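Visitor: The chain contents come next:
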Amino acid sequence: MNSNFFGIMDISGSGLTAERFRMDIIADNIANAETTRTPEGGPYKRKVPIFAERVENSIANYLSEAKAAGVRVIGIHEDNSPPRLVYDPTNPDADANGYVKMPNVNVVREMVDMISAQRAYEANISVISSARSMVRSALDIGRA
Amino acid sequence: MKGLFGTDVNLLSKAMDVSLLRQQVYAHNIANVDTPHYKRKFVSFEEDLRQALEGEDLPMKCTNSRHIRGTYTSINDIKPRIVTEDETTLRNDGNNVDIDYEMVQAEKNSLRYQAMSTFLSRTFGRYGIVVRNIT
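Quick mapping for you: the protein sequence lines, in order, are chains A and B.
With the numbering used here applied, the first sequence covers 1 to 144.
With the numbering used here applied, the second sequence covers 1 to 135.
Simulated from the structure, these hints should not be mistaken for laboratory data.
It should be emphasised that the depicted structure is a prediction, and the values quoted were computed from it without experimental measurement.
There may be inaccurate statements among the hints.
[As the list claims (entries may be wrong)] Selected chain B positions facing chain A (in silico; Cβ < 8 Å):
#  : residue
1  : 27
2  : 31
3  : 38
4  : 48
5  : 92
6  : 96
7  : 98
8  : 104
9  : 113
10 : 114
11 : 117
12 : 134
[Claimed, not checked] Pulled a few chain A residues facing chain B out of the computed Cβ check, cut under 8 Å:
#  : residue
13 : 7
14 : 8
15 : 14
16 : 15
17 : 53
18 : 80
19 : 82
20 : 130
21 : 137
22 : 140
23 : 142
[Claimed, not checked] Anything over 10 Å on all C-beta distances counts as not near chain B; from chain A, calculated:
#  : residue
24 : 4
25 : 19
26 : 35
27 : 37
28 : 39
29 : 50
30 : 70
31 : 78
32 : 88
33 : 92
34 : 93
35 : 97
36 : 107
37 : 111
38 : 127
39 : 134
We treat Cβ as the ideally placed atom computed from N, Cα and C, and that holds for glycine.
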């Protein structure tokens, strides 16, 4: 982790990317909350992004341990919890007993995750703006 | 340190470097607020610096590499260390980043940095006054 201003912005930028990606996934989950047909067959399955700390092994400047810089998304996990069963015999996707397998998406939970992603995004933004004011003040050194 | 600028400039620029590194670590913690099993990191520096500044002994002058060096450590030898706080857990996913704490610390650190840069700027300004008044 070299200490420079752009390093801070890169780190927070990676946070922005990750949170925006999480937001994309949440939007997908909410949009597909009632989807009973997918290319793989069966109802839509809730998706979850997997975040991991981004570790860079650059030349040690201050640290002797592995360098760390930001966050990254290492994959999308499919939630394999059982589908919600809704009794609706008129639905073309209903089984012999009249139950339809609906996606395992809980909209309330997605909304909560959405707010959390939104707040985390804002937190990263405010770190960038505080880094910006630090740059400004550093540039003002020596300016009478 | 001998030279045109005194210890204050040296010390301030060192402290600003550490402040910048610290801001980077806060940014890293905040970026990883939703990473499972992530443990927050922090910069440890001031305690080491204080020990160096209080310096139990005066530096011994060495003109040969085989001379005894004494226990004096120069400010330049003090390096900030990044420590991982892995004893605590804040949430079920093993993450221990308290976002409010990190935000407040980052903001405080940013203000401290600006205070130091203003002070450094004024210090250079005083040198400017001296330089301009030499006849």
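Visitor: Determine for every hint whether it applies to the structure shown.
Guide: How the hints compare with the structure:
1. 27: 4 Å, holds
2. 31: Holds. Min distance 3 Å.
3. 38: 5 Å, holds
4. 48: 13 Å, violated
5. 92: 14 Å, violated
6. 96: Interface hint status for residue 96/B: violated (13 Å vs cutoff 8 Å).
7. 98: 12 Å, violated
8. 104: 11 Å, violated
9. 113: 5 Å, holds
10. 114: 4 Å, holds
11. 117: 4 Å, holds
12. 134: The hint is violated - residue 134/B has no Cβ within 8 Å of chain A, the shortest such distance being about 18 Å.
13. 7: With Cβ-Cβ at 5 Å, under 8 Å, it holds.
14. 8: Interface hint status for residue 8/A: holds (5 Å vs cutoff 8 Å).
15. 14: Status holds, d = 6 Å.
16. 15: 3 Å, holds
17. 53: At 5 Å from the nearest chain B Cβ, residue 53/A passes the 8 Å test, so the hint holds.
18. 80: 18 Å, violated
19. 82: It is violated, given that the least Cβ distance between residue 82/A and chain B is near 22 Å, above 8 Å.
20. 130: 4 Å, holds
21. 137: Status holds, d = 4 Å.
22. 140: 6 Å, holds
23. 142: Holds. Min distance 5 Å.
24. 4: Contrary to the label, residue 4/A does not stay out of reach of chain B, its closest Cβ about 7 Å off (not over 10 Å).
25. 19: Nearest chain B Cβ is 8 Å from residue 19/A, so the label is violated.
26. 35: 26 Å, holds
27. 37: Answer for residue 37/A: holds, closest chain B Cβ roughly 31 Å.
28. 39: 29 Å, holds
29. 50: Per Cβ check, residue 50/A is inside 10 Å of chain B; nearest 8 Å; violated.
30. 70: 5 Å, violated
31. 78: At about 17 Å from chain B, residue 78/A clears the 10 Å cut-off, so the statement holds.
32. 88: Answer for residue 88/A: holds, closest chain B Cβ roughly 35 Å.
33. 92: 39 Å, holds
34. 93: Correct as stated: the minimum Cβ-Cβ distance to chain B is 34 Å, above 10 Å.
35. 97: 36 Å, holds
36. 107: 20 Å, holds
37. 111: Correct as stated: the minimum Cβ-Cβ distance to chain B is 16 Å, above 10 Å.
38. 127: About 5 Å separates residue 127/A from the closest Cβ of chain B, which leaves it inside 10 Å; violated.
39. 134: 5 Å, violated
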